Amino acid sequence: MLVSYQWLQDYVDLSGVSPEEVAELLTRGGLEVDHIHRYHDGMDGVVVGKITDSGPHPDADKLTICQVDLGDKTTQIICGATNAPKANKVVVAKPGTVLPGNRTIEATEIRGHKSEGMICALDELGVSENLVAKEQHDLIIELPDDAEVGSDALEYLGLNDVVLEIDLTPNRSDALSMLGVAYDISALLDRPIKVPEIEHGAVRKNAIDQVSVTVEAGVDVPYYGAKVINKVTIEPSPLWMQMRLVAAGMRPVNNVVDITNYVMLETGQPLHAFDYDRFGSKEIVTRRAYPGETMTTLDEQVRTLNEEDIVITNGNTPTALAGVMGGASCEVIETTESILLEAAQFDPVRVRNTAKRTNLRSESSTRFEKGLDAQGTVRAAERAAYLLEKYAGGAVLNGIVESGEMPVFEQEVELSLGAVNTRLGTELDQKETEEILYRLGFGVEDLGDRWRISIPSRRLDINIKEDLIEEIARIYGYDRIPTTYPVSERNAGRLSNTQKLKRKARRFLEGAGLEEAITYSLTSEEKSKRFRLDEFSDDVRILMPMSEERKVLRQSLLPQLLDSISYNKNRQNNDLALFEMGAVFLPNPGEKLPSELWHIAGAFSGDRTAAAWNKTAEPVDFYTAKGIVEGLLEQLGLTEGVSYQVAKREQLHPGQSADVVVNGQVVGFIGQLHPTFTAREGLPVTYVFELRGEALLTEQDKTMRYDPLPRFPAIKRDFAVVVDAQISASEVQHVIYEAAGTWVKDVTLFDVYEGEHLEPGKKSLAYSVTFLNKERTLVDEEIVKVHETIVERLQSKLGASLRG
Amino acid sequence: MIDRLEELKLEAQSAVTSSQDKKELEQVRINYLGKKGPITEVLRGMGKLSAEERPVVGQKANEVREEIQASIDSKQAFFEEAELLEKLSAEKIDVTLPGKKVEAGSPHPLTAVVEQIEDIFVGLGFEVTEGPEVELDYYNFEMMNLPADHPARDMQDTFYVSEDTLLRTQTSPVQARTLQAAKGEGPVRIICPGKVYRRDEDDATHSHQFMQIEGLYVDKHVRMSDLKGVFDTFVKEYFGSDRAIRLRPSYFPFTEPSAEIDVSCGVCGGDGCRVCKQSGWIEVLGSGMVHPRVLEMNGFDPDVYSGFAFGMGVERFAMLKYGIDDIRHFYTNDTRFLSQFKHV
Ligand SMILES: [Zn+2]
Chain A
1 MLVSYQWLQD YVDLSGVSPE EVAELLTRGG LEVDHIHRYH DGMDGVVVGK ITDSGPHPDA
61 DKLTICQVDL GDKTTQIICG ATNAPKANKV VVAKPGTVLP GNRTIEATEI RGHKSEGMIC
121 ALDELGVSEN LVAKEQHDLI IELPDDAEVG SDALEYLGLN DVVLEIDLTP NRSDALSMLG
181 VAYDISALLD RPIKVPEIEH GAVRKNAIDQ VSVTVEAGVD VPYYGAKVIN KVTIEPSPLW
241 MQMRLVAAGM RPVNNVVDIT NYVMLETGQP LHAFDYDRFG SKEIVTRRAY PGETMTTLDE
301 QVRTLNEEDI VITNGNTPTA LAGVMGGASC EVIETTESIL LEAAQFDPVR VRNTAKRTNL
361 RSESSTRFEK GLDAQGTVRA AERAAYLLEK YAGGAVLNGI VESGEMPVFE QEVELSLGAV
421 NTRLGTELDQ KETEEILYRL GFGVEDLGDR WRISIPSRRL DINIKEDLIE EIARIYGYDR
481 IPTTYPVSER NAGRLSNTQK LKRKARRFLE GAGLEEAITY SLTSEEKSKR FRLDEFSDDV
541 RILMPMSEER KVLRQSLLPQ LLDSISYNKN RQNNDLALFE MGAVFLPNPG EKLPSELWHI
601 AGAFSGDRTA AAWNKTAEPV DFYTAKGIVE GLLEQLGLTE GVSYQVAKRE QLHPGQSADV
661 VVNGQVVGFI GQLHPTFTAR EGLPVTYVFE LRGEALLTEQ DKTMRYDPLP RFPAIKRDFA
721 VVVDAQISAS EVQHVIYEAA GTWVKDVTLF DVYEGEHLEP GKKSLAYSVT FLNKERTLVD
781 EEIVKVHETI VERLQSKLGA SLRG
Chain B
1 MIDRLEELKL EAQSAVTSSQ DKKELEQVRI NYLGKKGPIT EVLRGMGKLS AEERPVVGQK
61 ANEVREEIQA SIDSKQAFFE EAELLEKLSA EKIDVTLPGK KVEAGSPHPL TAVVEQIEDI
121 FVGLGFEVTE GPEVELDYYN FEMMNLPADH PARDMQDTFY VSEDTLLRTQ TSPVQARTLQ
181 AAKGEGPVRI ICPGKVYRRD EDDATHSHQF MQIEGLYVDK HVRMSDLKGV FDTFVKEYFG
241 SDRAIRLRPS YFPFTEPSAE IDVSCGVCGG DGCRVCKQSG WIEVLGSGMV HPRVLEMNGF
301 DPDVYSGFAF GMGVERFAML KYGIDDIRHF YTNDTRFLSQ FKHV
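Chains A and B, in that order, are what the protein sequence lines are. Per the numbering used here, residue 1 is the first one in the first sequence, and the count goes up by one each step. Per the numbering used here, residue 1 is the first one in the second sequence, and the count goes up by one each step.
Certain hints may be false.
[What the hints assert, rightly or not] Derived lysine-lysine pairs resembling DSS-like cross-links, with alpha carbons at most 25 angstroms apart:
(1) A:K592 with B:K75
(2) A:K716 with A:K648
(3) A:K626 with B:K101
(4) B:K35 with B:K60
(5) B:K60 with B:K48
(6) B:K101 with A:K569
(7) B:K195 with A:K551
(8) A:K615 with B:K101
(9) B:K342 with A:K569
(10) A:K62 with A:K114
(11) B:K195 with A:K500
(12) A:K626 with B:K342
(13) B:K195 with A:K502
(14) A:K504 with B:K101
(15) B:K277 with B:K321
(16) B:K342 with A:K500
(17) A:K73 with A:K134
(18) A:K797 with A:K745
(19) B:K342 with B:K195
(20) B:K342 with B:K100
(21) A:K615 with B:K100
(22) B:K195 with A:K529
(23) B:K23 with B:K87
(24) B:K23 with B:K35
(25) A:K797 with A:K716
(26) A:K465 with B:K220
(27) A:K527 with B:K195
(28) B:K183 with A:K592
(29) B:K9 with B:K35
(30) A:K785 with A:K716
(31) B:K9 with B:K36
(32) B:K277 with B:K236
(33) B:K92 with A:K615
(34) B:K22 with B:K75
(35) A:K502 with B:K342
(36) A:K504 with B:K195
(37) A:K551 with A:K592
(38) B:K22 with B:K36
Hints are computed from structural coordinates only; laboratory data are not their basis. Predicted model, so just to flag it, every value in this text is computed and none were measured.
Turn these sequences into a full structure, and let the hints steer you where they fit.
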């Protein structure tokens, strides 16, 4: 909402209050002023001039040489506008003036003739081109006779105005008008409101004899009023009115259209003018459109309607899309003599839906959508009639032809002083509270222990006592509400166990050198299927996706994390270790909401540690990823029941991928990306993991006890065995544990060897086994015996031999 | 004989002094104190001495022996000290070379901000509550006093999954769920962080996915002045003790009265600058007293209970705190961006 500071003064006295102060006042009162526009800033030397003589430029047939009286002197200016030869009073920018767009006017010579200044068009003065009336394009401004030669032209045009741009909250439909904003200022400043003039003359003819109004559904059109105005002369509206429309961001058209817009901006009630003679009948009928029915709107577009749209018709064909846009067939044009002036109330939801569907959101539809002042509709019609009589020469016919009844909006709400103070924490007394209510224009009736407050019909947003409490608070000043602390029973705030574990996992991964990434949950259908843990799950789809790339919800984190890897790779960030934690989404048959499962994923590429003066770079590998996963599981308290199984997964290297198994359940995987996949996606060699986090977030064991330190020494035995290369380390380890019995404390693999010192197809695994008996010192013979058992078992089960 | 011993002592001490290394010193020891050395010889010849002379010479011989040994020990210590110094000097390194780096990663700035805010509110007695990102229209809108035709639904264009399920547009559905679970019994003190989604084209200031933290405090006798107190504490804790807040009337369907909370500008200290658009204030969060309809619909008696609710954008907080100018940085995960947040 654009609010002209000058225009505002028609309704409330602003003497002694600067535009900045008004802006601050409004903002602190709940109408947030986003921006203060000063279109004239820095523009000096723009004056009213009178063309005393003009003639064509001898060497340029499109230019006119004008002698312009500027009051203090007469100067010669060359002008290219087609209306220059016949123009009288004009706007002149003198040499030295800086016009918008940093354009400095200089005295110059055009084809041998002096030109000292410029005669201006509106857009040259900073008025946006789409706010200049169509027929004014490329024309210089022609000022009326009362413009005083030599005086400040910006002031005359009202371009020295200051415009406040208000960012309205959706509840304050009452402030979608100059008057509405003025009411707020009146309350905030405690100054009276000046109501605009509506008393017009009337000819003896009755409107009711000229037109009838029929409303088919009162729910759609609670009120429809039509006035008839004869003998109008279509011409440009007065310049001051045009400039006010411009300040409000509307383009002047002609006096009739401008007056309907002007009254809408003033009162908030949209109006529409039809050409009476071209309406097509003498009856106005409102109804729902027929499915597939078409009409051509004012913008010359053919619109296909449906039964959700309300239309105004002549009993036969649509003449307007209610509240949204008029029809072209009975538009007010240059030859229009009589008009039908519509002032109505339409169902806000219908108007909103139609405006949305047809993409015709306008100043008018916005106001209908938000709801109108029930008692303002007829007043607005009378105000427009007054202006049409005054500025379009109209003869206003007697009366208004109506259908429906204006709902008498006389909301009453009861409120007590105690309720105000307990809700706000204030200590207001009765008198000052009542004063605030009066300033707001509310009716106050004292019922002893409470008030009955009647709410003016323009304030549709006030329905319950809390609404009134807010009104009181904003006029009193939110600043003046004290600062207190809640008095309630104390309790310790806390994070849940799961939240703590998630934080622990994050800290571990960060400590291990990974950077946390956050990616989008929405992805493409193709990507959502990559790396998913559940083979056959379907996608959770968005009904109206914005793009192919954001069509379904992710089933795994990796595809998006890999997007981040390639984003970085394209920027030469090559050494990457990223992780992400977040939800993935799987349909939940029979349930409305999908399953949201919490996942952790990681991706590594380039070097794990960079080369330094004392070591070579260490590239990432499978065991980088695996080491992180192992460490993470240990951090989360999963020390038992974890194993890794050879896995085959579509996008992973068949020889370098493993499933992570916890208590017999596959909870994720680790692997190198398949070379074919990385080649296709333009990814570097990348190692990844993804885990279903839910399975890992076990309840913290609160009964955990420490293990007493052993009183007897542990004994360590190292040995190496040679096995077939296909036998996995975990198989060997399993046999060792099995054979070693209860004294085994730890088995560590410290070397793996394949190569020239061994038969082809064989590998050597070197282990360090630690034995411990908590009760006594183990003797050497006992260890030798266990050791023998281990070697025997390895031999019989895996064909292993002890390496000498 | 006494004289001979004295002579030997001087001779030996001179040999110790002139010895050049441990080896020479050892030779001196063998020469004078060894089994075949002159002192042993003297002692061996004592048999020829008189009974009176014998103890005197014996004592003298032992004295001389000890003195020579002391000289040798001291010289030995000198050689060892010198050797150690030489060794240490050979082991000298350039301590200005970089250390063996332990490279830590970093939290995402949004996570960092969420955790900072969570910690402040946990300290104020709040619990952290989460909820699903795909939500029922019922919790996301209806229970937040946004019925189907409410114009404010336009403010937040929604990704629908079906007619009645959607990607939540705010984390307030968690408030509704928590209130309903509390079955009309206060107090309820929660903050709800999480991802939310709106149909926006991604650009420098818009993102179709972003993070929010909403909060709710419902109890008997909660006043708007309490909201001011809690946020004065929060803002001073989060932005710094020199920062002030101001409340402005605003509108949210689920609160009445509603307030926008501004924080005094940290760049200009309130005098007005480019960052605060010359106002001296920066809008940081929306808040208000819980609308009686919301309390009622979610099972709380509005005549007994009151409360305040608030919501803030995590990206906005991160952008303000770290001076980040493009919201897309949060989701492209450029490691040159992420690695800057190691120390936060
Ligand atoms: Zn500032």
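*What are the numbers of the hints that this structure violates, sorted from low to high?*
1, 2 and 17
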